[in-house]
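*Asks:* Listed below, chain by chain, are the residues.
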Amino acid sequence: MTHAFPFSAIVGQEAMKRAMILTAVDPSIGGVLVFGDRGTGKSTAVRALAALLPPIKQVAGCPVNSARVEDVPDWAEVSDRRLVDRPTPVVDLPLGATEDRVVGALDIERALSRGEKAFEPGLLAEANRGYLYIDEVNLLDDHLVDLLLDVAQSGRNVIEREGLSIDHAARFVLVGSGNPEEGELRPQLLDRFGLSVEVTSPRDIETRVEVVQRRDAFDRDPTAFAKAWRRKDLALRRKILAARDILPEIATTQSILRDCAELCVALGSDGLRGELTLLRAARALTAFEGKTEMSRASLKNVAQMALNHRLRRDPLDEAGSGVRVARILEEVLA
Amino acid sequence: MTLETAWDRAVFARACFLIAPDRLGGLWLRARSGPVRDRFLAPILLAYTTDLRRIHPAIDDQTLYGGIDLTTSLTTGGLVRSAGILQQTTTLLLSMAERAPAGLVARLGAALDQRPDLKLLALDEGTEEAEALSPTLSDRLALRVDLTEVGLSLAQTGSEMSDIPAARARLSHVVADAACGKLLVELAASLGIESLRAPIQALHVARISAALNGSPSVTEEDLANAAALVLLPRATQMPAPADDSAEPEPEQTPPENQEGQGDNGRQPELSDALPEELLLEAVRALLPNDLLDRLAARSAVRAAESGAGDGAKRRGNRRGRPLPARPGKPRSGHRVDLIATLRAAAPWQKVRQGSSMHNRLKIRASDIHLKAFEERSDRAVIFCVDASGSAALARLAEAKGAVELLLAQAYARRDYVALLAFRGQQSDLLLPPTRSLVQTKRRLAALPGGGGTPLAAGLQDALSLSDSVRSRGMTPAIAVLTDGRANIALDGTANRAQAASDARDFARLIRARHVPAMVIDTGQRPSEALGGLARDMGAGYLPLPRADAKALSNAVESTLCSA
Numbered sequence: 001m002t003h004a005f006p007f008s009a010i011v012g013q014e015a016m017k018r019a020m021i022l023t024a025v026d027p028s029i030g031g032v033l034v035f036g037d038r039g040t041g042k043s044t045a046v047r048a049l050a051a052l053l054p055p056i057k058q059v060a061g062c063p064v065n066s067a068r069v070e071d072v073p074d075w076a077e078v079s080d081r082r083l084v085d086r087p088t089p090v091v092d093l094p095l096g097a098t099e100d101r102v103v104g105a106l107d108i109e110r111a112l113s114r115g116e117k118a119f120e121p122g123l124l125a126e127a128n129r130g131y132l133y134i135d136e137v138n139l140l141d142d143h144l145v146d147l148l149l150d151v152a153q154s155g156r157n158v159i160e161r162e163g164l165s166i167d168h169a170a171r172f173v174l175v176g177s178g179n180p181e182e183g184e185l186r187p188q189l190l191d192r193f194g195l196s197v198e199v200t201s202p203r204d205i206e207t208r209v210e211v212v213q214r215r216d217a218f219d220r221d222p223t224a225f226a227k228a229w230r231r232k233d234l235a236l237r238r239k240i241l242a243a244r245d246i247l248p249e250i251a252t253t254q255s256i257l258r259d260c261a262e263l264c265v266a267l268g269s270d271g272l273r274g275e276l277t278l279l280r281a282a283r284a285l286t287a288f289e290g291k292t293e294m295s296r297a298s299l300k301n302v303a304q305m306a307l308n309h310r311l312r313r314d315p316l317d318e319a320g321s322g323v324r325v326a327r328i329l330e331e332v333l334a
Numbered sequence: 001m002t003l004e005t006a007w008d009r010a011v012f013a014r015a016c017f018l019i020a021p022d023r024l025g026g027l028w029l030r031a032r033s034g035p036v037r038d039r040f041l042a043p044i045l046l047a048y049t050t051d052l053r054r055i056h057p058a059i060d061d062q063t064l065y066g067g068i069d070l071t072t073s074l075t076t077g078g079l080v081r082s083a084g085i086l087q088q089t090t091t092l093l094l095s096m097a098e099r100a101p102a103g104l105v106a107r108l109g110a111a112l113d114q115r116p117d118l119k120l121l122a123l124d125e126g127t128e129e130a131e132a133l134s135p136t137l138s139d140r141l142a143l144r145v146d147l148t149e150v151g152l153s154l155a156q157t158g159s160e161m162s163d164i165p166a167a168r169a170r171l172s173h174v175v176a177d178a179a180c181g182k183l184l185v186e187l188a189a190s191l192g193i194e195s196l197r198a199p200i201q202a203l204h205v206a207r208i209s210a211a212l213n214g215s216p217s218v219t220e221e222d223l224a225n226a227a228a229l230v231l232l233p234r235a236t237q238m239p240a241p242a243d244d245s246a247e248p249e250p251e252q253t254p255p256e257n258q259e260g261q262g263d264n265g266r267q268p269e270l271s272d273a274l275p276e277e278l279l280l281e282a283v284r285a286l287l288p289n290d291l292l293d294r295l296a297a298r299s300a301v302r303a304a305e306s307g308a309g310d311g312a313k314r315r316g317n318r319r320g321r322p323l324p325a326r327p328g329k330p331r332s333g334h335r336v337d338l339i340a341t342l343r344a345a346a347p348w349q350k351v352r353q354g355s356s357m358h359n360r361l362k363i364r365a366s367d368i369h370l371k372a373f374e375e376r377s378d379r380a381v382i383f384c385v386d387a388s389g390s391a392a393l394a395r396l397a398e399a400k401g402a403v404e405l406l407l408a409q410a411y412a413r414r415d416y417v418a419l420l421a422f423r424g425q426q427s428d429l430l431l432p433p434t435r436s437l438v439q440t441k442r443r444l445a446a447l448p449g450g451g452g453t454p455l456a457a458g459l460q461d462a463l464s465l466s467d468s469v470r471s472r473g474m475t476p477a478i479a480v481l482t483d484g485r486a487n488i489a490l491d492g493t494a495n496r497a498q499a500a501s502d503a504r505d506f507a508r509l510i511r512a513r514h515v516p517a518m519v520i521d522t523g524q525r526p527s528e529a530l531g532g533l534a535r536d537m538g539a540g541y542l543p544l545p546r547a548d549a550k551a552l553s554n555a556v557e558s559t560l561c562s563a
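Chains as they are written, first to last, in the numbering used here: chain P, 1 to 334; chain W, 1 to 563.
Treat the hints as calculated values from the structure; they're not laboratory data. One or more of the hints may lead you astray.
[As the list claims (entries may be wrong)] Here are the computed lysine-lysine pairs in the BS3-like style, where the Cα-Cα straight-line distance is at most 27 Å: (1) P:K117 with W:K362; (2) P:K227 with W:K182; (3) P:K227 with P:K17; (4) P:K117 with W:K371; (5) P:K57 with P:K232; (6) W:K400 with W:K441; (7) W:K182 with P:K17.
Small disclaimer: the values here were computed from a predicted structure and weren't measured.
I would like the entire structure built from these sequences, with the hints used as guidance.
*Replies:* Okay, here's the thing in structure tokens:
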């Protein structure tokens, strides 16, 4: 097993890192979309996240990583029913993966050798309770996008094909990355991502030098580098775990709810998903900061990433939605 | 070792590839197949006789990642899995790399990210600038070699082989002080390279260069070598003087400006670091003379084409996006989907075995599944915009607004968009077919106005573009925005009558090729002549006297869609 680049060693890109940490605190926020230039550390961050996340408890032999024995789907013949700790799954969905591979298909081995109709789970099963990472998400084939939309919405993967009729849980945090110059994302898929961040190459020479030097040190001796950053990574993990514990205790005041609603109305975002995500993200941030009461500051902090991608696109607006969100943020939360 | 000719650089890059430490990514070789390329590749093929695996753009997942070995499974009656190429080797050779589809590119990119020991040798035979390895991959490959300009006589000049094993042994002891990394980062920034992978890779290459030269630490020469191999081919701009603190936007820098800088060879006024000045000088000396010309053209085209490495994706009846396999009878022109057929047959084997003595797989005609693909031809809307003086500036702004609205719709429909503008004596392709709204908007905003109206030249280019788009498997449609006062003939002379007749000739040609078209009259009042032109073209005619952009876009949408 090769070492992943440590999450805490990533220089800058604070918005991207914060967005990923928030989804780790509260997976129900619903995914992160990272859009930006090549070579800005998008995939590095996602792969680093996998190593950072706390392990999950699951039934050892369960193909969908069930937490309890009762949750194991009946089609799965699980021989090993012990509960074990596993690293949080981070599953790559390659572009142009076949439908069979993504949703699962008839298990040809068991069909041939034993003459049974059995189900061979796909990537969506593997990603249950974890992360599903799609690099170059804007180039994903339309038929896969349709599949994902449905599953991401319902949290269940339903298979009705080849005489199979089964379903299983498929709750995952969708992480997508891409370069907007290569094509844009369908609004329907855009909406499924809870948070979106834009990353750019750092402009400042000092930062760039720091990036190159850390990467170089890592390339030359990954083990030593990972060891050097292990403590920071572990501290971050503890902080995430602590945040998860206090998350349910964080009270939502009426005034915060009002602020959320006013923001979304002022921005004219479609549907209520914006408000919900905004609220959840702000709550997760509050928990991560170790506070027990949500404040306007935390709301302000996450509003950009929760709402940026939910505005109606105005092709004549050169400035982009980020500026609009910032302006309205100032007005509403003044 | 100095790297004077392109061949020297190529040989040096090859030595780096052969030493091939981890995380180098690989080498992107741009060359047509021929003796020069063979000469270049021979030592690599020799060194990796056993380990090198060839892959091609149409390779499927099963070959790449491994899967069920069908032949063996059927003969043995049990399930046998085969290992994929990615598990078997550390060195891949991708031929026809410029044709690699986005899916393969993404997979190889992910594999390179995850496996530091994986190396890719991408053979790119692209002939045009736009036809090249996808940037997703090229960004990850440290070394770039371009042999398109290298003649055989040059390739035969002395290129003594370096001692690879000795250099490899020295590599881990090479020291690079912190200043080296800083220098390369600054250089990359001054060359307008956004990606941070480039300086990281350059630092690797500088170390290899030191190892090759037998020096214990990275010297200036090594840095220059690394810059020449890794940074220069990615440059989007000339190094600007250091006091120019504003970060220049590569695409907005006018090419004239860059040429001027290159021609008079102005020294960068660097106040502080002396080595950097030296390095920049070394770099400047290495720049080929025509690099600057090429730079402007390349950055424009490449950016627009990025991610569209596979041109004719949707041509032919056996390609397209795969649909689930369907039951059916095998006929000519169809392919049997073996796995799907087996899946269909598998559950019945026990039942079917009962009536037979032989313990063989029983497949009935009803089990047979055929591979199915959905062909969907993308529409490419070619905007042919009049930017002449007569289409006065206010109208031009309106036309721009209309085009942007249409673009938004094209985006929603996932259409490709191309932008042609004609003014003065000729027409220019501002944007080759792309799906990127960002690109188009940027290009459109920069569209200047003024000059004569070479309508014929515009139509001619629109027609040839529609032909090339069609040959790539897309369905073209042309939208002409003009005020119709054609006054420049095809040969560039200012002759009203000739200009009008030339324009009509091309209009008829467009009709003859059955390209759906649309003429939008941006004049102050509807012009009779333009209506005639639209009829010649078999196109819809839409006068735009103070029509708002929304009405316009609705009209275009309905005309072009029904066509």
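*Asks:* Hints numbered earlier in the text: which of these fail when held up against the supplied structure?
*Replies:* none
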